[in-house]
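*Asks:* The primary structure of each chain is shown beneath.
Protein chains: 2
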Amino acid sequence: MARSSASSIRRYVPLLDWGRTYDRNALADDLVAAVVVTIMLIPQSLAYALLAGLPAQMGIYASIAPIILYAVFGTSRALAVGPVAVVSLMTAAAVGQIAEPGTDQYIAAALTLAFLSGGFLLLLGVFRLGFLANFLSHPVIAGFITASGIIIAASQIKHVLGIEASGHNLFELLVSIAQSLSQVNVFTAAIGLTVTAFLFWVRRGLKPLLMRIGFGPRMSDVIAKAGPVAAVVLSTLAVWAFGLADRGVATVGGVPQSLPPLTLPSFSPQLWGELTAAAVLISVIGFVESVSVAQTLAAKRRQRIDPDQELIGLGAANIGAAFSGGYPVTGGFARSVVNFDAGARTPAAGAYTAVGLAIAALFLTPLIFFLPKATLGATIIVAVLSLVDFSILPKAWKYSKADFAAVCTTVLITLGLGVELGVTAGVLISILIHLYRTSRPHTAIVGRVPGTEHYRNVLRHDVITDRRILTLRVDESLYFANARYLEDRIYDEATQRPDLEHVVLMCPAVNEIDMSALESLEAINERLNDTGVTFNLSEIKGPVMDRLERSHFLEQLTGRVFLSQHQAMRALAGDASDDSAADMIVLPAKNPQGK
Amino acid sequence: MARSSASSIRRYVPLLDWGRTYDRNALADDLVAAVVVTIMLIPQSLAYALLAGLPAQMGIYASIAPIILYAVFGTSRALAVGPVAVVSLMTAAAVGQIAEPGTDQYIAAALTLAFLSGGFLLLLGVFRLGFLANFLSHPVIAGFITASGIIIAASQIKHVLGIEASGHNLFELLVSIAQSLSQVNVFTAAIGLTVTAFLFWVRRGLKPLLMRIGFGPRMSDVIAKAGPVAAVVLSTLAVWAFGLADRGVATVGGVPQSLPPLTLPSFSPQLWGELTAAAVLISVIGFVESVSVAQTLAAKRRQRIDPDQELIGLGAANIGAAFSGGYPVTGGFARSVVNFDAGARTPAAGAYTAVGLAIAALFLTPLIFFLPKATLGATIIVAVLSLVDFSILPKAWKYSKADFAAVCTTVLITLGLGVELGVTAGVLISILIHLYRTSRPHTAIVGRVPGTEHYRNVLRHDVITDRRILTLRVDESLYFANARYLEDRIYDEATQRPDLEHVVLMCPAVNEIDMSALESLEAINERLNDTGVTFNLSEIKGPVMDRLERSHFLEQLTGRVFLSQHQAMRALAGDASDDSAADMIVLPAKNPQGK
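Protein chains in written order, with my numbering: chain A, 1 to 595; chain B, 1001 to 1595.
For reference, chain A alone in the conformation it holds in the complex (with noise of 0.2 Å):
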């Protein structure tokens, strides 16, 4: 007894697995991973702050209550949580729609709709129905983050070019900085445009650049990581020695000095109503995201994540997040990246980061006073640039117009409507196209191929049919959704056949008869044997079997259910005549008759 809950304690936590083995080259691992991991994160989580609307300090602060409650709780050792650009815009879409940006509004309901999220996240890990992340498609996925990072790229634009601009979608945005280019900022725009150009160096020939003057490959990638905090360092000096910041120069300003405050979410009825839509989205899109960066390093190392434990994780640290002064979090990839490659080996590395950041909060925010907002839209700006990724497009093309559609859609309706417009749009045109595909399925009439036992599509292959026999293959499951498709097809042919005294439905890919189908098969079945014409049943897989059997259907059936499709022919071509062998014709390949 106390074994088993002990057990399942473990199963929650996680962290009574690897702890018990942590030991002191783990340690050194991770002590270093969380320096570089720390350096990385100071610049990236004030700019996405500031993408969500929210003071730059809540960017620390989502960073380090949540990283530590998911080293308690999540199963992957490298996973870095916190702030993200996707999930930042979404915060600001979704809170943006309720209050205005600065005011403790909006501040209050970026911390519930964290608390919401982690909520979703909790019950969705427990009840364990991760697997609904799964109505995300691929091309859904890749459609969605490119848009969004064009919209998050377009949003940042102003704060390099030091104007004022807004929109509620791509297009607004666009015209709304065009408008505004007359009241660029000199200083503001040399800053924002010389981050933006170095960042995109330093990403691009920083790296080889310092592999050819000697450097080791490793040394290397960690200084060129480092490229965003020297832009840090050097324009924030920049503002700081020639007065900037009175020449109209956007800066951070005065950020409180402090450890994570303790915050609590709204709990109003009203607020969790306007909330809980874009909590759901947040939440599956940030699920979906950390997943697979947290897979894709998993499988590195031959280890394993368990995805319903990964939403009890995630859900910890987002509620985390609302209690500590922070927003919705995910595991990013690019900071869960440099996590594993600076050498992570437990989760312990994200508790060590967090420590970083909070003395990053205690002592270093003074620093960041004449920060200025251009060098962190840039930051943005570089980050998300990566992301988008239109490669997509031709290769859904080529592969299939099906999944091509879906992600036009996605895009177009995330750029043009928004993001959580966008990311619905796309579940549903995934869903639709997955049911109009399967509700028509493949099937084929079928006939024997001479000399052999086999049969198949007769507009295929020189095949023999029995002009009293009707044989139709069909190749999917069936299910309500291509029921009705089936009983037409069958009608279809039967009509278009006098002589018809036998049906035969082969069931070989049929791995699925849901009731709906069955009672198309009733109809079927029961049509039929109006018109003087019997209904059988060919090669059914044992489990559907098993299932039609607890049913009446066999019962009510006019004709048998055959193990081969051969003994089907044999069977029923006897029955029918004595002379069976006169009556069979060998048709062409394309015979008009099978359409």
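In case anyone wonders, no lab produced these hints; they're calculated from the structure. No experiment lies behind these values; they were computed from the predicted model shown. We put the beta carbon where it would ideally sit given N, CA and C, even for glycine. Errors might be hidden in some of the hints.
[As the list claims (entries may be wrong)] With the Cβ distance kept under 10 Å, some of the chain B side facing chain A (calculated, not the full set):
{"id": "1", "residue": "ALA1133"}
{"id": "2", "residue": "ASN1134"}
{"id": "3", "residue": "PHE1135"}
{"id": "4", "residue": "MET1211"}
{"id": "5", "residue": "PRO1307"}
{"id": "6", "residue": "GLN1309"}
{"id": "7", "residue": "ALA1402"}
{"id": "8", "residue": "TYR1485"}
{"id": "9", "residue": "GLU1512"}
{"id": "10", "residue": "GLN1556"}
Starting from the structure of chain A, add chain B where the hints point.
*Replies:* Same frame as chain A, now just chain B:
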């Protein structure tokens, strides 16, 4: 050119097809059917208008123009279009949210609902989107019809007892009836309960009685069908003769004596916005009911209906209703069966019925001044209780728990929260259950049956496996909802096998690989490669292979694609070791390794 345009007109106007061969015999049969149906339709139409909260004559008007338009554009030869119970209830639910019954706004909203519903059906028909109706699974429809029948019957109790009662769901309605029981009008209740008992007896006992006293079965049937007419005549006479209208018996009262008036639906965008969702639901439910009736009847004579053309026929009928004082209509089960049994051979029978109803509207309406509403309520109760059929519940429970869940949800939500939410919830839950089921497809680790080239599930058979090779057979098409599950499954198995060198995915039941699944296969390939394991495929179907060849997957594949599983095993076992036979082990059935 001329010929193709003529055939394209014929496609949209089936009248041009059957009209050319119409002869005197068909005319005679159709006329007989029309008389029988007209007699049955008069009380039914009045009653359904009452159910919809509309003036009684609108039920008659709703049968005239629609029946003629359906005769021109519809494909079923026996379908009788007009007001039906469920659609009348849905009309009352939708319109009741916008206006008070008895007001002009209420009538205008009902006309507009018919117009929107007709427009939606036409759109679906022109774009050949009839398959959308397939998303209503059979158990959901059965549950919805049963729950609607209960609500309709409960809603008529007030008319039968002569009390006031209302409620937005079954519970409220029953409470309201219970609270008003003290106000029962004894005269109304006497008529209502007598008629109800009489009609039940007519339905159950009259036909056998008539046959016992010497009438032929056909004649007995016709007399029994006229039972409601007798109830209408007798109860009207009773009210008139005993002056019961002055004693509180509610009657139909003055009804304008006219042909259907020319009416106009509203074109107010606000009203359209409020009614669109209801119009969509009514269209879909009406279409599903109508098509299943039409298909059943057509199959009995080896005729065919075209569901997409049916959409156009029903769309035209509803638009006709909107312009001629009607409300949403569809093909009704009871009236169509009567029409068919009475011998209707072409849609012209419907047109003659329309003429009969027009004559009734012109000359018979004064006679129904004293027709008690209690009689109409009783007619509805007896008609709809035949729709109530709980046998779907045990049947679904036995056959499939998932379908059972869908039925229960639909029934409970329809009863508790109303018809519109009920059917929406039913559709959503069917789709969710389908996605859930296919998101965890049946998979099996397979091994070779000794002495054969067959590969079967290690859990069910004593088979030979190789610890360096893992073969997983997946029994479902691969698409977004199960792509991640497949990844999980393969990584789970792979991490348990330290000696693993090759993974083979056996795909004989895979009818489709969508782009999400393709990317999952790419991820599996890459992640297995990270751990030094090759990824191979076997027994891929032709169309699936065609599609894979359009991607870069096959170039990246670390392993190979094998035509058969046996080829795969021979090649991979040979690759791995020259002494492969020594590595083969015979697993017992139910081996825990396979889970």
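*Asks:* Does each hint hold? Answer for all of them.
*Replies:* Going through the hints against the structure:
no.: 1; hint: ALA1133; in the structure: holds (8 Å)
no.: 2; hint: ASN1134; in the structure: holds (5 Å)
no.: 3; hint: PHE1135; in the structure: holds (6 Å)
no.: 4; hint: MET1211; in the structure: violated (24 Å)
no.: 5; hint: PRO1307; in the structure: holds (7 Å)
no.: 6; hint: GLN1309; in the structure: violated (13 Å)
no.: 7; hint: ALA1402; in the structure: holds (7 Å)
no.: 8; hint: TYR1485; in the structure: holds (7 Å)
no.: 9; hint: GLU1512; in the structure: holds (7 Å)
no.: 10; hint: GLN1556; in the structure: violated (13 Å)
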